[in-house]
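**Student:** One letter stands for each residue in the lines below.
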Amino acid sequence: MYSIDDHVSIETILKTNNRLYANSRKQGSLGEKKALKRRTGERIFEFLLLLSAVSSIAIVFLLIGYLGFQGYPAVIDWLLHGFGFLIPYMFTTVYVGVGAVAIATAIGLPTAIYLAEFSGFRIRNLTKPSMETLSGIPSVVMGVIGAFIIAPAVASFFGGISGTSGLCVLTAWIVLAIMSLPFVVSIAEDALRAVPNSYREASQGLGATKWQTTFHVVLPEARSGILAAILLALASALGETMAVWMVIGNTIPTISLNPLLRADVISTFIARYIYNQESVGDLSPLYGAGLILLIMIGVINIAVAMLARRRLYAVTIHG
Amino acid sequence: MDEEEDWRKLVSLMYFKSLERENVIAGLAVLAGAGLFVSYGILVLFKVMTYSVTGALPLGALPFTDTFASLLWSLFFFFAATMLSLAGYSLMESHYAGIAIASITGLCLVAISMFGQIDMVLSLATGALCLFGAFVGLLAKRKHVTARTPGRVVEENIVKVCLRVAGLIAIGSLFTVIAVVFIRGASYVSWSFLTSGTPPGQFQAIAAILGGYEQGVFGVGPAIAGSLMVCGVCELTTIPLGLGSAIYLAEYAPQNVFSKVIHFFVELLAGVPSIILGIFGYTFFFFSFHWARQSLLGGALCLAFMTLPWNIRVTEEAIKTVPDDYKAASYALGATKLQTVRRIILEAASPGILTGILLGFGAAFGEAAVVIFTAGNAFYNLPNPFSLTGSTIPTLPAWIYQVFRGETTSQLVRLKAQDVAFAGSFVLIAIFLGITVAALLVRNRLSKRLRVT
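Those protein sequences? They're chains A and B, same order as listed. Note that this note's numbering numbers the first sequence so that position 92 is 92, with each residue one more than the last. Note that this note's numbering numbers the second sequence so that position 98 is 1098, with each residue one more than the last.
Next up, chain A with everything else stripped away, as it sits in the complex (with noise of 0.2 Å):
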């Protein structure tokens, strides 16, 4: 029907397929039964296959659902009486959040750039995997090295100043800023990799060092991509439960900028009142703070998928 060098599109042949089976089951070759057999499979197998793929929405549902269901009188109470209580801990939590981003990125970005336009392929072939590994550190882990290691350091640096015991924010945002760095890494050197490498011959085509050309060209480029890193790692800083509840000195804290305070996050908020099962009678007020920090994720992540549409959108414009 077809002779090899035609291109044919994989869709053709596949109608193809479907009308040589109509016309072979007219003709009795392949047998009706076999042949409608076969279809009704496919039918369902497809369905299977939606509904499979549908469950993710069905999940997220569910627990915004269920958070809802069980946090909706204390954030009704919230919503009538203010948030009261809950507004230091969502200070906390973004200043913890945005203070381990601040140093994940400022570590993590150069590294980036590093790996991505001036490292040779032997560094980047042993760097890429073992970032890609360390990236999964079980943050149970982290919180043994951060209670035992970095907190004692800590504390033996400020604890002239402030008496702090090493508990306390600062700890927290290293033990963070570790946690993402590979995330940062890893993503911020795919987003500088998706610029077109015609770009960095032109720029170096016009006399421009390497730096000028990494300064002034790619790096505007892979602008939306880099965001786009430091908000998901900003977004699972947020949420970054055991590793900070170890460190952080879980106290109820203030609205205060100083980081050698001993505080606490919603998360570890979350966590502590349940583990220690002191609000067996009300849990309300958690899961009505569980639905906050979920609407604040979700937020960040509603924004990095407008900046994923627009990066598309400019790679389709330039090709």
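These are calculated hints, taken from the structure and not from any lab test. Note that the structure is a prediction, hence the values are computed from the model and not measured. Be aware that a few hints might be false.
[Claimed, not checked] Residues on chain B that point at chain A, a partial pick, calculated with CB under 7 Å:
hint, residue
1, Ile1169
2, Ala1170
3, Ala1186
4, Val1189
5, Ser1192
6, Gly1271
7, Ile1279
8, Leu1338
9, Tyr1401
[What the hints assert, rightly or not] Below, computed lysine to aspartate or glutamate pairings styled on EDC-like, alpha-carbon distance capped at 16 Å:
hint, chain 1, residue 1, chain 2, residue 2
10, B, Lys1337, B, Glu1347
11, A, Lys128, A, Glu117
12, A, Lys210, A, Asp282
13, B, Lys1337, B, Glu1317
14, B, Lys1160, A, Glu117
15, B, Lys1320, B, Glu1347
16, A, Lys128, A, Asp190
17, B, Lys1337, A, Glu117
18, B, Lys1337, A, Glu46
19, A, Lys210, B, Asp1325
20, A, Lys15, A, Glu42
21, B, Lys1337, B, Asp1325
All C-beta atoms in this analysis are idealised placements derived from N, C-alpha and C, irrespective of residue type, glycine included.
Let chain A serve as the given structure and place chain B on it in line with the hints.
**Tutor:** Relative to chain A, chain B alone:
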């Protein structure tokens, strides 16, 4: 040669006028010396601040509070001194001289910080010494400079060193984490630690009865078994759902709003923090199905919610990399879509899929916040595989957290508890790394075998 050009030459030399390795190392050493000086300065500043606040001058310039910190500092000194003296290597063009200077300076600094607190004068003197060494080195090299280096090349080299230092910090910190866990944890790990369980009761009580955290008292055997069971059941849920979703998204879904919506929700699910899954599982199964608050199936399902989006993403990526030629060839032979998916696409994408499954397993294995609230933190009895929904089971992350909480006020017991916690972390991270490395190996090996030429 005027003054300005002379200065420029000095700077260009300082920051490696060419890309030769010696120059880079010399520059690093100079930077290290400057960094050491600055950090000394900050510490002295702290001392002055403490003095002005409390009115009493603390002993020594460094606010040491325990021997551990002084050890940390001496290590830092050692590395700084090594870097500095590598400058000697590059300047004197002799390995031995550089190494000798490195060892002597390093050992001196270690000795100083081990046997006493460094005085303010001494700390300033050390900092000045570092800078002086760097400067002498600079002068020694200076006569070799002949050509003028353009400013932008200098800039480029400075930038390159800064980037390289950032990269070193990033990779160094990650490897330090692994190394610390392995070094601190290895001393307590033994065969009995891996296989035995921990007797029931609070850690403090046990420590009091048994006179401390002696070897052989605590074990992670049941916890490992429990963790493996939870993750196994989790994967049993994740694999069919994830595979189905990915096949649908990659092959069947119409490229319109619908598939975008599914993708968006997958991303959203990936962003759900673990504590949310924890509090969800803590009461949902209890209220809805009257399971125990913490159970094998509940924990596994919550973990599955966490690993599902990841699995979908990796699998879809793997399926999309299967070349269209394969599909076309299959269709051209008269295969239906289902046959093509089953026999061709899944086969060709199998390395990627397997990698995704293994990585998901590793992530689930290390996840703590979900498991503590939904699967349980019984850390002594063996898990009961026949009670899917009835009983709390031990898991490794929860075990580590229990040890962490069990630390007491007694200094000696606390140090022992730290050892036990690090030993647990050692086992956890060893299994985690094992799974991850296996996943990467599988990907490399199978994709080599199936590579399309």
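**Student:** Compare the structure with each hint and give your call.
**Tutor:** So, going through the hints one by one against the coordinates:
{"no.": "1", "hint": "Ile1169", "in the structure": "5 Å, holds"}
{"no.": "2", "hint": "Ala1170", "in the structure": "4 Å, holds"}
{"no.": "3", "hint": "Ala1186", "in the structure": "14 Å, violated"}
{"no.": "4", "hint": "Val1189", "in the structure": "14 Å, violated"}
{"no.": "5", "hint": "Ser1192", "in the structure": "21 Å, violated"}
{"no.": "6", "hint": "Gly1271", "in the structure": "5 Å, holds"}
{"no.": "7", "hint": "Ile1279", "in the structure": "6 Å, holds"}
{"no.": "8", "hint": "Leu1338", "in the structure": "5 Å, holds"}
{"no.": "9", "hint": "Tyr1401", "in the structure": "6 Å, holds"}
{"no.": "10", "hint": "Lys1337(B) / Glu1347(B)", "in the structure": "14 Å, holds"}
{"no.": "11", "hint": "Lys128(A) / Glu117(A)", "in the structure": "14 Å, holds"}
{"no.": "12", "hint": "Lys210(A) / Asp282(A)", "in the structure": "61 Å, violated"}
{"no.": "13", "hint": "Lys1337(B) / Glu1317(B)", "in the structure": "19 Å, violated"}
{"no.": "14", "hint": "Lys1160(B) / Glu117(A)", "in the structure": "10 Å, holds"}
{"no.": "15", "hint": "Lys1320(B) / Glu1347(B)", "in the structure": "13 Å, holds"}
{"no.": "16", "hint": "Lys128(A) / Asp190(A)", "in the structure": "11 Å, holds"}
{"no.": "17", "hint": "Lys1337(B) / Glu117(A)", "in the structure": "43 Å, violated"}
{"no.": "18", "hint": "Lys1337(B) / Glu46(A)", "in the structure": "10 Å, holds"}
{"no.": "19", "hint": "Lys210(A) / Asp1325(B)", "in the structure": "39 Å, violated"}
{"no.": "20", "hint": "Lys15(A) / Glu42(A)", "in the structure": "15 Å, holds"}
{"no.": "21", "hint": "Lys1337(B) / Asp1325(B)", "in the structure": "14 Å, holds"}
The structure does not agree with the numbered hints 3, 4, 5, 12, 13, 17, 19 stated previously, though it agrees with the rest.
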